[in-house]
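K.L.:
One-letter residues, chain by chain:
Protein chains: 2
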Amino acid sequence: MKNHQYAIADYNLKVAKNELRAIHFLDEETDKIDNPSALLKHFLMTYFLDSQSLAIRGQKISQIMASFEDDALTYLDKNAPLSKIAFYNIALQLLQFTVGEDFLIDNSITKMQTLNLPIADVHDPMNLYDVICAWYLLLNTHTKYGVTLIDYLAGEGYFAQNYSQFDKPLIFNGKSMPVYDTNNLIREVVYVEAPMDTDNDGKLDLLKTEIIRPKESNKKAVPVIFTASPYNQGTNDADGEKLTHNVNLGLKHKQPNTVSLSDISKKEKEPELPAARNVEGKTRKAEQTFSREQSYTLNDYFLARGYAVVYSAGIGTYESDGFRTTGDKYETISATAVIEWLAGNRVAFTNRTDNNQIEAYWSNGNVAMSGRSYLGTLQIAAATTGVAGLKACLVEAAISSWYDYYRENGLVMAPGGFQGEDADVLAAETYSRKKSAAEDIKNEKKWEIQLTNITNEQDRESGDYNAFWNKRNYLNDAKKIKADMFFIHGLNDENVKPINVSNIWHAVDPLNISKKMILHQGQHIYINAFQSLDFTDMVNLWFTNKLMDVENDADNLIPNILVQDNATDQNWYAIDEFDEDENLKRFELAKPSDGSKVADDKVSFSDSLDEKDFEAYCSDANKWENDLVIGGSDAPINDNRVIFTFDKLLKDVTINGKTHIHLTASSSKDFGMLSAQLIDLGEDFRLNAQPESVDHAKIQLGYLWREDNLREFKMSRKKTPFKKIAEGHINMQNRNNAYQVSDLQADEFYEINFDLQPNVYKVKAGHQLAVVIYATDFDKSIRGNQDVKYTINLSDSAVELPFNKD
Amino acid sequence: MKNHQYAIADYNLKVAKNELRAIHFLDEETDKIDNPSALLKHFLMTYFLDSQSLAIRGQKISQIMASFEDDALTYLDKNAPLSKIAFYNIALQLLQFTVGEDFLIDNSITKMQTLNLPIADVHDPMNLYDVICAWYLLLNTHTKYGVTLIDYLAGEGYFAQNYSQFDKPLIFNGKSMPVYDTNNLIREVVYVEAPMDTDNDGKLDLLKTEIIRPKESNKKAVPVIFTASPYNQGTNDADGEKLTHNVNLGLKHKQPNTVSLSDISKKEKEPELPAARNVEGKTRKAEQTFSREQSYTLNDYFLARGYAVVYSAGIGTYESDGFRTTGDKYETISATAVIEWLAGNRVAFTNRTDNNQIEAYWSNGNVAMSGRSYLGTLQIAAATTGVAGLKACLVEAAISSWYDYYRENGLVMAPGGFQGEDADVLAAETYSRKKSAAEDIKNEKKWEIQLTNITNEQDRESGDYNAFWNKRNYLNDAKKIKADMFFIHGLNDENVKPINVSNIWHAVDPLNISKKMILHQGQHIYINAFQSLDFTDMVNLWFTNKLMDVENDADNLIPNILVQDNATDQNWYAIDEFDEDENLKRFELAKPSDGSKVADDKVSFSDSLDEKDFEAYCSDANKWENDLVIGGSDAPINDNRVIFTFDKLLKDVTINGKTHIHLTASSSKDFGMLSAQLIDLGEDFRLNAQPESVDHAKIQLGYLWREDNLREFKMSRKKTPFKKIAEGHINMQNRNNAYQVSDLQADEFYEINFDLQPNVYKVKAGHQLAVVIYATDFDKSIRGNQDVKYTINLSDSAVELPFNKD
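Protein sequences, first through last, are from chains A and B. For what it's worth, UniProt numbering labels the leading residue of the first sequence as 1, then goes sequentially. For what it's worth, UniProt numbering labels the leading residue of the second sequence as 1, then goes sequentially.
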C-alpha cells in the first residue's frame, strides 16, 4: 500500500485544539491533564467509544502493543515520557496495520514513511501539544483500508453514539463529518415542470425527481448533490439489443460535398411552448415516497455528511413525461429544470394532477452534480447553460460531444465493447417511461416516430458530423460555464474516450472558474474507493468549499491535474499541463518492422480475410488486437497491417497528449478508412486492466449505512508483451474535417492527417514505441471484410509524438 | 423465468380474511364494500401505501393496464364485473412483469401458468370472496425477481409506514413478516465461558459472541439464529498461504500395518478443567458493541422478521481465548457453549475481567444454526452433541467428516481449487486471535507448538484415516442428533464434496427428527437469492415452525429431497431417495475407446509427462481435465489414461448415487494410486458452472435494510462436449479401507474397489456415458510426475452405475 492524501488541510495547534474540542476529544476535563501519556490514554479511551464500558475500553487498549515489552495500556499508565516511536507503534495499529504482518514494533516511523503516511513534526519524547497535534493529524490520516481514521471511527459508531451532541454541519480539517443520522433521512418525490413539451401533448413535461435529505434540513437548509441519471428508473435492455445495428457492413463511397460548419449550426425555430400549469395551492408536504434508489456510493457518503441528494432521470423515463433524445438540449433542460427548482427558480408539484406547488425550501440553493458516463455528460450539458445555482460539477468519464462517442473523422466508431450501439439504441434503452404499461400504450406511435427520426438523423450511412451531432456538442457552449469543474477520466477508457475530457478541459481553460482534473489508469470506472488515493476526501474538501462556503483552501490543496502512473502501482503525481501539443517529436514512417514488403518506397496492406478468420476476429476482439500487434508471419492479419517500430528507448519517456499521424496513402477503391495505434512494446509487468478488491475490505460510508468495496489496480502477475497507448481512425473522404466529404479516387494518393486519442503514458527505458497502420477496427468500426488494398507512400509519412518536456 | 414455490401454506377464505386483516388490507371499512372491483381497488390503494396521497396512489394504479382499453383505475372505477383475466393482467404487472416484453394483455392467465405462478381457483367474473382469496394468494406469489409480493411490498415500505401498528411477530401464510424496525436493532457483545482451556492458561476459554436483536426482544423473548463462523473476526490469509503444502511430491510405499478402527477410536483421558470464574455480579446491560458485522444475508432477512442473530467465531479467534484446532471437539464446544448460554444453561460475562454475568434474557431458548461450509460443519458438530436448545440446523455445503474434506482412501486429496491446503493451513488462517498484537506476542510460542502438532497429526505422509481424523468425524456421533436438520449441498461442489452430505443424510435417516435436503447444481455457493426457487420462504416456514412453534405444516410442504435438474434451467423436482445403492447396473470395462492398446486382455497407462506438459497441467487444471476426457491422440496425456465409452443412450437416464469402480490392477512400483471419472459425453448445452445475476435485480431483505443480488444458473451459450459427473481416487495400499495399509508388490495384480462421489444427474438420450481411469489428479492429488506404469486387467474390471429406478 502506498498512500496519497491531498485533502489534508493545513493546521496549527490552535486549529487542532478547537477542532478536537468540537469532536469531543478535548474538553474541560482534558485541559487538566498534564502528562502526555495520560492525554494519549484519554484519546484512546475516547476513541474506543464512550458508549462502551471502561473495562472494555481498557481491554481494547491493552490489545495494542506500544513497545516490545508493553501493551499500550501498561505503557501509558506508567506516565513515563511518551516516545514518538511508541506513538506511531500505536498509530499504525489504529490504522489497521498488523504487527508482524505489516510492520514490526519500533519500526513504526520508517513504516509510516514507506507507506507515505504523514508524520507529525513533534519532539521526542512528545509533549502535551505534540500529542494534540499528532493525534489530530492521525485522525486525518488514511487507514490501511482507504479512509481517514476519523471516517473509520465514524463507521465504528463514534458520532452515532449520540448524533445530537455534535454541531451540524461539523467541519473537521476542512471536510464535513458524518454527524447526520442516516436512519432518519427524508425520502420524497416531486414533479418539476420543465420548459418543454417533448411528447407534444400540449402540456409542459413533468420530471419525476427523487429527494433524499437529512431530517435537519427541515430547519436549516443544506447544499444539494444532484445526479441526473437516465438509467436510474430502469432500462429497456431487450429493446436496446433489438435495435443494435449490424456492423458487418462495407464502407461505401460518399458523394463529395461542400457542407460548412455554419450550414450545420443553423438555429432552428423554437417551438412554441404550452402554457405553464396554474398553481392551485402550495405545500411543504410531499405526497410520494420511494424505497431503495439506484445510488452512487459517493452520494451516499455525502448523505451522512449534511448534503441532500437528488436523483432525476429526465424526459422519457419512468413516471416522467416526454421522450428520450440522447443528448440534445431537451435532455439538458431535464437537468437544468431540476437545478432551477433546487435554486428556487422553477415550479414543482407534489403529484401529476393537482397542481399543488412544493418548494425546495430545505435547499440552500447551492447545487453540485455528480455521476459518471451519461450522468457526467448531463453535468457538462447543464453547466454549459450557465444555469444559476449550479456551483460545482464532479464530471466522471463524461462525453463532451456525442460525435466523439459514436463517430470519428467521418466514420461510425462504436464505444469500445458496444459494437452497433448508437444514439437511437441508447434512446430506446433509457426510455423507461414505457415500464408503465398505460404510458407505453398511449405513446407508442409517437415514440416510434421519434426513434425513427433519431435513427435517420444520426446517419450511420455517412458517419459525418452533421446538425444532429452539432446539437449534441456541448463544446459549442463551453464558454458559458459558470460552475467550478472537476473532471475525472480513465486514460484507458475505450467507452467514453479520453478526447472527450481533453476537449472540455481545453475549452474551460480560459474561464475564470476552479478547474481540476484526475486522469487515472482505469477504463470506464468510478475511483471513489481506491486504496492509494484520497479521492473522496478531495471531493469532500472541494464540495464543502463550493457548497458550504467553508474556507478550506481546497483549490490550492487539490492539484490542478493529477495523474496515476501507468508504470508502477499505487502511484499518483501532479502535472502542469495535459495535451498541449507543445513538444512534438517527428518520426518518419520509413521502414516497416513486420516484414511488409516495400517497393518503390511504398508499402501496401489488404483489408480482407478468410471468412473463418474474419469471424474469429469479429467474435474475439482481444485476439484481433493481439494478432494486430504481435501476431507473427502466420497470423491471419499479417498482410492487413504495417508496423513501424522505433529504437529501443535509452531512458524513460512520457507521452503527454495526442499522437499525430501523417500519411500519404491510397485506397484501391473509391472509399477507404485508415486506422493507427501507438504501442508500447516490451515484455514487462503492467497494471491489470481491472482494479481488484483489496483484502475484501469494505468502506463504511457512515454508521451502519451503505458501504463500498475497496479496490486498487495490481500489477500483472505475468509479463505482457505490449500495451496499446492510443488509437485513431479516419475516413479518407473526411481528410479535411468530419463534416465535409472530399472526393476519393481509387489508387490516387492523398495526404491524410489524423490524431490518436490523447494519453499520459510513461514508456520505460528498454521498451520500444511502435506504430501500427491498418484499416478495419474489429472492436469499434464497421467490418465489411472488403477487398481493398491500401498503400502508404513511405517517403512522405510520419508520426509526431507528444513527448513531455524534461 | 420458471417459478417453484413450495412454501405457500394451504389456506381458505377464513384464513385469508383473518390474515389480510392482520396486515391491514381488510378492516371494518372494507367489510362494507360490496363490489368486487371496488374491493380490488381498495387493495391496490392500500398496496400503494397509506403514507402516499390518494392522488399519487391513483396515479400508480392508472399506470397499470387492466384490459386492452382500460387502465386499472378506469376499469375498476366502472364497478363492472371483474374478469379473472383483468385480475391477472393487473397481478402480473404488480409482480413486475412488463406488458409487451414479458406478456401481452389478456394473455395473463396462460402466462401465469407458463411461469408456474399459482392461480386462485375463482369464478369468472370474480365475486367478493374470490377477490379476497386471489389477492391473498397473490401476496404470497413470487414476483419476477424472486420474492413474494408481500416481501416486495415490505421492501417498498408497507410495514415500515408504521411498524408499531402490526403484531409482533406477525405470521402471514405461515411465515414471519418483516415488521421489526431494522434501524433499531440492538448490537452487543458478551463473553461466553466455555468448558475448556485450549490455550492452557489455567482459565476457562472466553468466547466473544456478537448479538443483534430487535429492540422488542427486551420485552418479549425471541428465537435465535446462531452462525458459528471462524472467519468472521478476520483471517490470516498470508499465514495460510505461507503454510500451504507443496503438492509436487511423489507417492511413496507405505509400511503395511494392521491398525484397527478401535485402535484409532481409543478415548483419550480428558484433561482436568480449571475452575469456573466466580460470578461477581449480574446485569442485563452489555458493555461492548460492534459495528458492521460479516453477515449472511439470510440472517439479515430474519433480523427484520423477529429473530435475533448471533455470531461467534470460537476458540482462537479475535477477542476470544484459546487456539484453533480445525474441527475437533473443542471447536464443537465453541459452538455448543454459545447455544447453552442462549438456552440459559451457561454463564457469559460482559467483559473479560470483571466477572459480571449477563444472561440471554431476550432469547426464547429456541436456537437454530445457519451458514455454509465451515459454518455448516460446526452445525453438524454441535448437533451431534444433542445440545439442549438447538432446535434446527440449516446445514449448507458442510463437512460431515474432515477426512472426506482433506483425504480420500489413503490419499491426500485437496478440496478442489485449494491444492496444498490442510487442517494446519486452515487453523493458521482462522487464528484471528493474533490480530491483537498483545495476544499474538503472548501466545506465539504455544500456538506454534499447537500448529506443529496439527501438522504432524494430520499426517500428509500416509494419507491414512487415523486418530486425528477420527476425532474430526462427526458421523461417529450422528445418532445423538436431536435438532431438526435441513441440508443443502451443491452437486457440483468440489470443495466440500457431496459424499459429506450423503453420509450425514444416511446417518440421520433412522432418527426421529425432521430431515430435509436440497441438492442444487451449484458449486460451493449459497442459494438464498435464486429466481426459480423459494428457498428463503421455505427456511422461513421451517424456522417459524421449529423456533416460533407456529403450526404451518412446514414438514409436509417442504419436500424431503428436492433436486435441481442438471439438464434444463430453472427446474426443480422432488425425489424419494438419494444414494441408496439400490439399482446398480454393471458395465464391464472390456474395451478402451481411446485407442489404448490392449494386449492379453490388459491395458496399461503411464503416469509421467514431459516436464513442460507436467507444468502446464499443474498451472491449468481445466486444460488437464479437458485433455483427460477429450484430448486426442496428440494430447500429452494420451498415454496416461484409459477411456471406456458405453453405448449411446436411447432414452434419458438418471444416475442417483455413487458409481462403484472394480479394477484388477497393478503398479510397476511398490506404491500406486488409481483415479476414475464418470463422464457425460455429448455436444450439448449445459448449465453454466456459476450462477449469474438476473437483470441486476436486488432483493430487499426488509425496508431500506440489507439486500441481496438475485441470481440464477443459465444454460451455456455454446454447446460443450462433456461434463464430469463424478470422480474418485484410491491409494492401492488402502484397498481394504482408509485406515489400514496393505502391502503392494510391483507388477502384482490386486482387486481394487472404490466409489466415486455421489450425484443425481440426468444423462440425456443421445449422450454416452464414459469412464476414465488414470492416476494423478492435477487438481486435487499430490503430483510426483513419477515414472509409474499402471496395468488394468480387463477380464476382471467393471463399473456399477446407480441408475434411478423407473
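Worth double-checking, as some hints may not be accurate.
When chains are identical, the list treats them as one kind, so a pair holds in a single copy or across two.
[Stated by the list, open to error] Think about it this way: if two alpha-carbon atoms lie no more than 25 Å apart in a straight line, the pair counts; the simulated SDA-like pairs of lysine to any residue are:
hint	residue 1	residue 2
1	Lys168	Asp197
2	Lys698	Thr114
3	Lys215	Gln294
4	Lys60	Asp199
5	Lys805	Thr98
6	Lys762	His245
7	Lys84	Lys219
8	Lys446	Asp102
9	Lys718	Ala507
10	Lys698	Asn183
11	Lys14	Asp569
12	Lys219	Thr30
13	Lys445	Asn804
14	Lys714	Gly417
15	Lys215	Arg292
What the hints contain is simulated information worked out from the structure, not anything from laboratory work. Every value quoted in this text rests on a predicted model; they were computed, and no experiment measured them.
K.L.:
How would you label the pair Lys762, His245 (within, between, both, or neither) given a Cα cut-off of 25 Å?
P.N.:
For Lys762 and His245, the Cα distance exceeds 25 Å both inside one copy (37 Å) and across copies (40 Å).
K.L.:
Within, between, both or neither: how does the pair Lys805, Thr98 come out at a Cα-Cα threshold of 25 Å?
P.N.:
Cα proximity of Lys805 and Thr98: none, with 43 Å in one copy and 58 Å across.
K.L.:
Reference check for the pair Lys718 and Ala507, CA-CA at most 25 Å: within, between, both, or neither?
P.N.:
Close neither inside one copy (41 Å) nor across copies (48 Å); limit 25 Å.
K.L.:
Using 25 Å as the alpha-carbon threshold, which applies to Lys446 and Asp102: within, between, both, or neither?
P.N.:
between (64 Å within a copy, 22 Å between copies)
K.L.:
Check Lys215 against Gln294 for me: Cα-Cα at most 25 Å, and say if that holds within a copy, between copies, both or neither.
P.N.:
Within. Shortest intra-copy distance 21 Å satisfies the 25 Å Cα cut-off; inter-copy 29 Å does not.
K.L.:
Given identical chains, is Lys219 near Thr30, meaning Cα to Cα at most 25 Å, within a copy, between copies, both, or neither?
P.N.:
neither (33 Å within a copy, 40 Å between copies)
K.L.:
Checking Lys698 and Asn183: alpha-carbon separation at most 25 Å within a copy, between copies, both or neither?
P.N.:
both (20 Å within a copy, 20 Å between copies)
K.L.:
Give the relationship of Lys168 and Asp197 under a CA distance limit of 25 Å: within one copy only, between copies only, both, or neither.
P.N.:
neither (41 Å within a copy, 50 Å between copies)
K.L.:
Is it within a copy, between copies, both, or neither that the alpha carbon of Lys84 lies no farther than 25 Å from that of Lys219?
P.N.:
Answer is neither; intra-copy 46 Å and inter-copy 51 Å both fail.
K.L.:
Treating 25 Å as the Cα threshold, decide for Lys714 and Gly417: within, between, both or neither.
P.N.:
both (23 Å within a copy, 22 Å between copies)
K.L.:
Should Lys445 paired with Asn804 be assigned to within, between, both, or neither, using CA atoms and 25 Å as the limit?
P.N.:
neither (55 Å within a copy, 56 Å between copies)
K.L.:
At most 25 Å between CA atoms: does that hold for Lys215 and Arg292 within a copy, between copies, both, or neither?
P.N.:
both (18 Å within a copy, 23 Å between copies)
Checked against the numbered hints listed earlier, the structure breaks hints 1, 5, 6, 7, 9, 11, 12 and 13; every other hint is satisfied.
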